[in-house]
Structures are given as C-alpha cells and as structure tokens.
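Student: With chain A fixed as given, assemble chains B and C with the ligands onto it according to the hints.
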Amino acid sequence: MNMTVQIRTAEIQDMVENAILAPSASIVSAKNVNVYYAGKQALKNISLDVAKNRVTSFIGPSGCGKTTFLKCINRMNDLIDICRVEGNIEVDGQDIYSPEVDVVALRAHVGMVFQKPNPFPKSIFENVAYGMRIHGLTNNKSELADRVELSLRKAALWDEVKDRLEQPGTGLSGGQQQRLCIARAIAVEPRIVLMDEPASALDPIATAKIEELIGDLSTNYTIIIVTHSMQQAARVSQFTAFFHMGELVEYGNTKTTFTSPNDERTQNYITGKIG
Amino acid sequence: MTNSFVMRSSKSRKRHAAEMRFQWMGRIAIIIAIGFLVFMVGSIAMMGAGALKQTHIAFDVDLSHNEIDPAFPEKADYDAIIKASLRKAFPDITDRREKRELYRLVSAEASFSLKNFVVNNPAHIGQTHKLWFIASDDVDLFFKGNITIDEKGNAGRLNAQEVAWVRIFERNQNIETRFNTRFFTAGDSREPELAGILSSLTGTAFTLLITFLIAFPIGIFSAIFLEEFIPQSRWGDIIEVNITNLAAVPSIVFGILGLTIFLNTFGMPRSSPLVGGLVLALMTLPTIIIASRAALRSVSPSIREAALGVGATQIQTVFHHVVPLALPGMLTGAIVGMARALGETAPLLMIGMVAFIVDVPNSILAPATALPVQIFLWADSPERAFLEKTSAAIIVLLVFLVLMNLIAIILRSKHRQRF
Amino acid sequence: MISSSEISLTRKTSTGKMLSEGAVYFVLIASSLVAVGVTIGIVMSMLFEAVQFFNLVPIQDFLFGLEWSPQTAIRSDQVGSSGSFGAVPLITGTLLISTIAMLVATPLGLASAIYLAEYAGPRQRNIIKPILEILAGIPTVVYGFFAALVIAPFIRTTGGSFGLEIASESALAAGLVMGIMIVPLISSLSDDVINAVPQELRDASFGLGATHSETIKKVILPAAISGIAGSLLLAASTAIGETMIVVMAAGLAANLTANPLEAVTTVTAQIVALLTGDQEFDSAKTLSAFALGLLLFVVTLILNIIAQKIVKHYREQYD
Ligand SMILES: Nc1ncnc2c1ncn2[C@@H]1O[C@H](COP(=O)(O)OP(=O)(O)OP(=O)(O)O)[C@@H](O)[C@H]1O
Ligand SMILES: [Mg+2]
Chain A
1 MNMTVQIRTA EIQDMVENAI LAPSASIVSA KNVNVYYAGK QALKNISLDV AKNRVTSFIG
61 PSGCGKTTFL KCINRMNDLI DICRVEGNIE VDGQDIYSPE VDVVALRAHV GMVFQKPNPF
121 PKSIFENVAY GMRIHGLTNN KSELADRVEL SLRKAALWDE VKDRLEQPGT GLSGGQQQRL
181 CIARAIAVEP RIVLMDEPAS ALDPIATAKI EELIGDLSTN YTIIIVTHSM QQAARVSQFT
241 AFFHMGELVE YGNTKTTFTS PNDERTQNYI TGKIG
Chain B
1 MTNSFVMRSS KSRKRHAAEM RFQWMGRIAI IIAIGFLVFM VGSIAMMGAG ALKQTHIAFD
61 VDLSHNEIDP AFPEKADYDA IIKASLRKAF PDITDRREKR ELYRLVSAEA SFSLKNFVVN
121 NPAHIGQTHK LWFIASDDVD LFFKGNITID EKGNAGRLNA QEVAWVRIFE RNQNIETRFN
181 TRFFTAGDSR EPELAGILSS LTGTAFTLLI TFLIAFPIGI FSAIFLEEFI PQSRWGDIIE
241 VNITNLAAVP SIVFGILGLT IFLNTFGMPR SSPLVGGLVL ALMTLPTIII ASRAALRSVS
301 PSIREAALGV GATQIQTVFH HVVPLALPGM LTGAIVGMAR ALGETAPLLM IGMVAFIVDV
361 PNSILAPATA LPVQIFLWAD SPERAFLEKT SAAIIVLLVF LVLMNLIAII LRSKHRQRF
Chain C
1 MISSSEISLT RKTSTGKMLS EGAVYFVLIA SSLVAVGVTI GIVMSMLFEA VQFFNLVPIQ
61 DFLFGLEWSP QTAIRSDQVG SSGSFGAVPL ITGTLLISTI AMLVATPLGL ASAIYLAEYA
121 GPRQRNIIKP ILEILAGIPT VVYGFFAALV IAPFIRTTGG SFGLEIASES ALAAGLVMGI
181 MIVPLISSLS DDVINAVPQE LRDASFGLGA THSETIKKVI LPAAISGIAG SLLLAASTAI
241 GETMIVVMAA GLAANLTANP LEAVTTVTAQ IVALLTGDQE FDSAKTLSAF ALGLLLFVVT
301 LILNIIAQKI VKHYREQYD
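Protein chains in written order, with our numbering: chain A, 1 to 275; chain B, 1 to 419; chain C, 1 to 319.
The hints are simulated quantities; they were obtained by calculation from the structure and are not laboratory data.
The C-beta atom is built at its ideal place from N, Cα and C for all residues, glycine as well.
Among the hints, a few may not be true.
[Unchecked claim] Pair by pair, the computed Cβ-Cβ distance ranges are: (1) SER413(B) to TYR36(A): 28 to 38 Å; (2) PRO61(A) to SER300(B): 27 to 37 Å; (3) SER413(B) to ASP159(A): 57 to 67 Å; (4) VAL51(C) to TRP24(B): 27 to 37 Å; (5) ALA258(C) to ASN140(A): 26 to 36 Å; (6) GLY136(A) to SER413(B): 25 to 35 Å; (7) SER302(B) to PRO130(C): 27 to 37 Å; (8) ILE40(C) to ALA145(A): 31 to 41 Å; (9) GLY136(A) to LEU327(B): 51 to 61 Å; (10) LYS99(B) to ALA253(C): 53 to 63 Å.
[Unchecked claim] Within a straight-line C-alpha distance of at most 20 Å, the following computed PhoX-like cross-link-like pairs (lysine-lysine) qualify: (11) LYS129(C) to LYS14(B); (12) LYS75(B) to LYS11(B); (13) LYS52(A) to LYS40(A); (14) LYS217(C) to LYS122(A); (15) LYS309(C) to LYS141(A); (16) LYS88(B) to LYS130(B); (17) LYS218(C) to LYS122(A); (18) LYS14(B) to LYS217(C); (19) LYS312(C) to LYS11(B); (20) LYS53(B) to LYS144(B); (21) LYS218(C) to LYS11(B).
Bound conformation, chain A alone:
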C-alpha cells in the first residue's frame, strides 16, 4: 500500500512540475464571485480559472468558504434559500448563472461527491444507474448494465461488488460507499467532478484508494477537490487554491504553493500556525 502511494506521489510530483496554468485549457472560469448567506458574506471577490483534465485542490481553514465555492460551480447553492451568488462563473465558456441555463443539465455536466458517503437506500446497481435513468441516457437494459459496470470499474469498485449488485449500497463499508458515490457521479459522464473532502470520513487505506482513483480519473475528468490534508493536496493535485476568510489568497501550481507561497497567510497555514 505504502509503495503505491509513494510511486503515485512521485508520479504526481512529476506532473506538478510540468503543470502550467494556460487560460486556453481552463474549463471553469470564475470572475469576481461574491456569495452571501442572508447578508453575511461568505466569499469575497473570487476570480479563478480551473484547468481542464487536471486535479485542482481547494484548501484553507474551516469556514473559509471552500464548500461554498464548490457548490457555486454546479449551483447546489440554489437549494439554500438564503444564499445569494454575485459575479460570473463560466463552465465550458457558458455563464452558468444565466437564465437559459438548465440547472438539471448543468449538474449532469458538473458532478459532485460529498464529504459523507451518501448512497441511496437502493441496490448497488440502482445507485449507479440512478443518474442514467433520470437523464434518460439509455433505455436499453444491457447498455445500462454495461455502463454501470464501466462506472464501477472506473471507480475501482467492480471487483469488490460484482457478485452483489442487487444488495443495498448502504451495506458497503465507508470507503466502498464513497467509491460507489464516485461511480454514481461519473456514470452520467460529467466533464467536471467536484469532491468535497471525499476522504475525510475514511481510514488511511480507503483514503489511499480514493486518492489513487482520483489520479486515474484525472485523465478524462476535471476534478476539483476540497481537502483539509495538505499531504493529500500535494499527492493528488496539480493546482492548489488557498482560501482564507472568504478570500482567495493564493492560487497556482501545487508545488509552488507548498514550497514557496507568496502570501504570509498561506505560509502560516501550511506550517500549521493558522487553521
């Protein structure tokens, strides 16, 4: 186990070193985003571009607005009555807050994995098939089964569950449940997957599996991950954004952010002085 992690880390280090933030390759582009919860400002003037088919991590002390910003990208904030979003966020060059946007389709395009594994109280198969069914992606039974299998394979869960697809997803272990949730999210073929502390409820082995999975997925998907673990951010992401009290303090190449941060606050956070 340890070995894999080390190998992966080395690999990622390599990628990080070569990574650059070319605007042409960005898939999410936020400009001057302000978010308020019932008048209380949670995000202040955030502008950032997220690179396509890369892993970007959001770090920062608790309550600094990471989740809030993540939820802006697939408009999960719409579900909170008191939340108001200002500014401009583009996904694939399209302003997602413009009136002609179909939120439902946007969320199929920008998937989300939550902090706590939240499988539906349905069978493993139905959990993965859920998104395809509601979006009517396929009417064909065998095609549906194929795509469920593919998603479970991508989520590195297939071998563990292939003999019990009809059993409830809630019966899996925490790590398996989280991979099931990832399989469920990627089954609808989103371009972007938002992950809010996906491994925070998991033990180290399950965490390693999830991290490995993130690396694999990043060839086809753009992944934005919120994490409290700087080691994790360093291991999995090419880019890192550091948030502090609703502000985007530092954003860039993960290696640079961790080795030579520009801002004193980033420095303090990384060295454990704030947080």
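Tutor: For chains B and C with the ligands alone, kept in the frame of chain A given last:
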C-alpha cells in the same frame, strides 16, 4: 457535449413540465382540503346565522274580566284568550279548519308568556293590549326567507291561506324578527322555535369540569412518575406502550367501558355529567400524559441537579422545582385534550347522555346532555326548522373549540418566552 | 458501615417527611396504574358480555355469518338463532367506507405532506399546517351532519342526473367526508416522516442533476416508504373506529355489497344502534354489541401496534 446544459432539448422541457405538474399536485391537494374546510364551515355558518333571529308577531289581546279573575290570574285559560284574540284579529274566519290554521301561526309558548305577563302586570287586567308573541317555526322560516313559495302558493308547511295571513301581519307591521335570546337561554324543546342550547351547554360544562378534575391530576401525576421516577425502566416502558395504544382506541370503546363499568357495575346514575366526565377523562388521559411528559422533558436537567445538589429529596426537587416550570406545558396539553373531549359524541351516546333534556341540569348527577349530542339529536329531527338550530349549535361548539385552542396557543407561547 | 451520628441526622430530618413522601409515592404510582387499569377495564367490560353472547351465538357464526338482523332475534323463539348475527356485512361495510376514506385521504394527505415538507417555505408551512390541523380538530358530529345534509344529497342528485341510482345514505358520502377528516392525520405524520429523510440523500440526487420531483419520487418516497405505510395504517385504524360520521350518514341496514353507491352499515354504527335504545343485558341483541366492540378494539389495536412498530423502526433507521 459542450454547453449541453443550456436549456434547449425537448427532453429537459418535459422534465421541467413534470416538475411543475408535481408541485401543482401538492398545491391542489392542499387547496382541496382547505377548500372543503371553508366550504363546510362556511355553509354551516350561513345556515346557522338565521337562528340568531326569531320572528315575533303581535295582535291585540283582550284581557277582559270575564276571562281573568284578578284574584287568581294564574288560573285563567290563556290558551283560549290567545285563540279568541286571534279570531278577533281575523273576524272573517269561521271555518273550523281555517281557525286551527290561524292558531298555528303563534308558538304554543304564547299562552305561557301571556300568563307571565298578566301575573306580573295585574293592573292590565280588563284592558286590551297589543302584545308580541313568538311565531311558530313555520312562520319563522317563511318570514326569514328560508322557505320560498312553491307553485301551489304553499311555503313549506304553510298553505296559501296562512301565507296570506302572514302578509297581513306584515302589512300592519305586526310581525318582525328580533335577536333570538331564547336560543341561548332555553333548554331543548320539541318545538324548534322554543329550543335552546342552555341545557346542553350546562351539561357540557359539568361534564368537562369532571373530566378536568379527574384527568388533569391523574395525568400529571402519572407523567411525573413515568418521566421523573422510572424513566427507561421496564415498568415505565410497559405503561408507556399502554398509553400510546390507549390514545388510539376508538372513542366509542370508552363509551362501552362507561356503560358496563360505571353504569352497570358501579350503578352510577345514567345520563349524568358525572359518568360522561369520567368516560371523557379516561379518554383524554393519554393526551394529557403524553403532553405532560414532553413538558417535563423540556425542563433543563441542570435545575434538577441544582436542587438535588442542595440536599432536596427527589420528590421535593420534582414538586418544588421541576413541576412549576413544566406546569404551563402540562396545562396546554390538558386544554388540547379537553378541546377534543368537548366535541366527543359517541361515548356519551353509550352512557345515555342522549336524552331529551328540557331543564338546565343543576348537578353532576342530574340527567343531562352535551352540546355535541344536542347537535346529533337536532340533526336527526324531521322539522326543517331544526336545521338552522343545528347549524347554530355547531357554530357555538366551534367557537368554544377555537377559544380553547387559542388559550392553549397563548399559554404555549408565553411558556416559550420564559425560557 | 454508617456511623451513629449519620443515622441520627437522617432520622431527625425524615420521620415526618418520610411518611408524607410515602403518601406522595403512593399517589404517583396509583395514578400511573390508572392507564393500565383503563386498558384492563376496556377488555373486561367487553369480554364478559361477549362471552355471554358467544354462548348464545357460536363465534364462527358471528365471524363468518353473512346475515345481520339483530331485530328479528328479539323474539324469544329466535334468540341465538344462527344467521341473524353474522358480522360479515358489517365488516365489509366498515371496510368499504374506510377504503373510500383512504382512497380520498391518501393522495390528498400525501401530496399535502410532500408539498409542506419539500416545497413550502417556512412562512407557508406556518400558515398551512395549522389550517390543516383544524380539519382534524372539528368534531366528527359536524362532519356527520355535513355528510348527511350536504354531501349525500349532492352525490344523489349528481348521480341521478347521470341516470345512476344512488342511495341517500350511500357509502360514498360517508367515505368521502371521512376521507377529508383524516387528511391532516396522514399529512402531518407523513410530513414528519419525509422530514426525517436525511438531507444527504437529497443532496446526492440533486447533485446528479435530478429535478426536485424526481428526487422526491425516486429517492425520498422510497426511503420514507415504511414510515408512510405506518402513518397510513394509523389513519386506517382511525377510519375504522370512526363512529359519528357513519351513524349520521351511513345506513343502519346490513348490506353485503362492494358498491359504494349503496347504503351499508358499519360495526360502530351498529354498536350505537344496539346500545342507545332500550337494552336487555340478557338478550343476544344487546350482547352482540359487545362482541362487535371487542372485534373493533382488537382490530384497531393490532393496526396501531403494527403501525407504531413500523414507524419506530423507521425512525431508528435514520437516527
Ligand atoms: N447554509 C448556510 N447558511 C448560512 N451560512 C452558511 C451556510 N453554509 C455555509 N455558511 C457560512 O459560510 C461560510 C463558509 O462556509 P463553508 O461551508 O463554505 O466553509 P468550508 O470552507 O467548506 O468549511 P469546512 O472546511 O469546515 O467545511 C461559513 O462562515 C459558514 O458559516
Ligand atoms: Mg466544507
């Protein structure tokens, strides 16, 4: 794939339409339920409003010495005097059938009220006076416009001739409607124009008094014991299961209990508010216990710890410190339970509180009926005129229900403010 | 070991207090046992008379007999004659009216609950919920009056204009009104049940791009199904035990039919009819009311126990 989330496809339009339909299903369900409520209460209120007014008619009454002996005014035949006076008002009527129809215009009560008038005003004997009397229910319905004239010229049970007489009274301004005090001050009667709710209202008051006096102390004591002394014990659980199940027993079963245990075994007086109150108390008990336990639970444990810490016994702690704080909540539960008991009918039928009660009951042992049972009885009466009495009685019942619930709401909000 | 000084300290403060505290304990325990006593009283009050009844009429004739006509059995030569006390038509009548009530109340109650739990804002909730509760607070005698006076004639004339022969005391009228009465029961219980579904499941579904109604239909309701079933069972038990509506708006003649346009009678209506007139506690006619009461009690009790078990289990699942 790019920009696939801009709303364009017919599929996504369909899904949004389905969403809207689904939301409207919820709205429509609520509108139907509330609409029914408004329709029901509204139409009953409209039917009942008429009962607040009562038709009176006036004619000259000859209180001559021939008929009334001033020494014994109460001995006179006042019925005959009324009839004679009516004949005088319509001298053309000679036919016996027509005369009978004429007498039917005034209520049977007219002779009593005339007697009262004369006995109280003996100076008027020997004079002729224009006096007002309660009209019969048929005249009342017709004059208030509850009944329209059919093609034969009849209005309900009034024939064309009687309608014409009413018109004559009307022309001479000898017929009018007044506020119906009788409805609130009289007991039940076979004659709709004379029937009132005072006897049943008093019966309800006595019954609920018994209910409260029995259910409230037993309810709170039992809640205190279960919540403060044996929480999470096996016995506590058994009693708790018992109480939750008791709360869902059909009310008529409590009536059967009252019939066999209180009436047949203990020989308590049938139809009495005592037995009615007992039965309703047993029925209300689970509500009060459940509410009181919730009230006790809402008292912060630190108060118990503080009292126990200064050396109070558990009983002192509970009764001196916890119960006073929980009392408003308990009282709220009791009022909610009593409001339910106020409208209960079925169990009272079982123990015979369904009698025809003219007199206002004067004790908890006297035969009585209750307001909801009175409603049931009137609803069953064939006379059309009871319709508006029934509706009016329902409105009175609902007003009391609203008042009780308001008290509960006010108590609850006061209680909340204190913490 | 307790030292002597401690003992005297205890004694001094307690002799009188202990006595009065003992009395308080006695009162508390006695009050708590009243509820148990009532349950025993209920069973006893019906059991003895019911046993007497079953001595006159075999229990199988009561439970499976197809004919109910207690009036004829009052004559001495007919006491206990089998066939007159068959409860089946009463049971089917009760079920017919309750089924109609549930068919009305389930969609209305569930749709209201879904709207209240999922769509209504706090302001709307605070207005709508208490208004719906009023429906549950209105005395059933009022519903009975309204059913008999307004709804039944309305159904009869409406049916008549379509050439349908509808009884003036049709099961439909009583069932419809009873259905409205139990709407708030279903809506408030189901509202609680739906609210207990964890927010994470909603988030997961929304995050996948499901619309709100898809989330409700495919995730929330399936997750809440057992709790909802429990609330429906409680409502059904209320419908079965409801008395005044059927006494006032349903018939008194037993009728073995599944046609909602005909008049049927119910267990509760018969109990009232049998026990409000003159009673002879040795006649099968009067005693049969207790057998019916026992039947009603047992059936509603079983429904309630099952419902409470289901709901309790449901709550533990999401605790
Ligand atoms: N639903 C909400 N209503 C009101 N305020 C909220 C809500 N959600 C978040 N906030 C506030 O917005 C700010 C940012 O919250 P957010 O959840 O985005 O922080 P976070 O960086 O994700 O923290 P954590 O690391 O603890 O998850 C906080 O001050 C929080 O209190
Ligand atoms: Mg967060």
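Student: Each hint needs a verdict: does it hold in this structure or not?
Tutor: Quick rundown of the hints versus the structure:
1. SER413(B) to TYR36(A): 28 to 38 Å: holds (32 Å)
2. PRO61(A) to SER300(B): 27 to 37 Å: 34 Å Cβ-Cβ, so the 27 to 37 Å window holds.
3. SER413(B) to ASP159(A): 57 to 67 Å: holds (60 Å)
4. VAL51(C) to TRP24(B): 27 to 37 Å: violated (55 Å)
5. ALA258(C) to ASN140(A): 26 to 36 Å: violated (43 Å)
6. GLY136(A) to SER413(B): 25 to 35 Å: Since GLY136(A) and SER413(B) have Cβ atoms about 50 Å apart, the given range 25 to 35 Å is violated.
7. SER302(B) to PRO130(C): 27 to 37 Å: Holds, since SER302(B) and PRO130(C) (Cβ atoms, about 33 Å apart) stay within the stated range.
8. ILE40(C) to ALA145(A): 31 to 41 Å: For ILE40(C) and ALA145(A) the Cβ distance comes to about 59 Å; the hint is violated.
9. GLY136(A) to LEU327(B): 51 to 61 Å: The hinted range 51 to 61 Å holds for GLY136(A) and LEU327(B), with Cβ atoms some 60 Å apart.
10. LYS99(B) to ALA253(C): 53 to 63 Å: violated (43 Å)
11. LYS129(C) to LYS14(B): Roughly 31 Å between the alpha carbons, so the hint for LYS129(C) and LYS14(B) is violated.
12. LYS75(B) to LYS11(B): violated (93 Å)
13. LYS52(A) to LYS40(A): violated (32 Å)
14. LYS217(C) to LYS122(A): Holds. LYS217(C) to LYS122(A) sits at ~13 Å (cutoff 20 Å).
15. LYS309(C) to LYS141(A): violated (38 Å)
16. LYS88(B) to LYS130(B): holds (12 Å)
17. LYS218(C) to LYS122(A): holds (10 Å)
18. LYS14(B) to LYS217(C): The given pair, whose Cα atoms are some 16 Å apart, holds under the 20 Å limit.
19. LYS312(C) to LYS11(B): violated (41 Å)
20. LYS53(B) to LYS144(B): holds (8 Å)
21. LYS218(C) to LYS11(B): OK: LYS218(C) and LYS11(B) at ~18 Å, within 20 Å.
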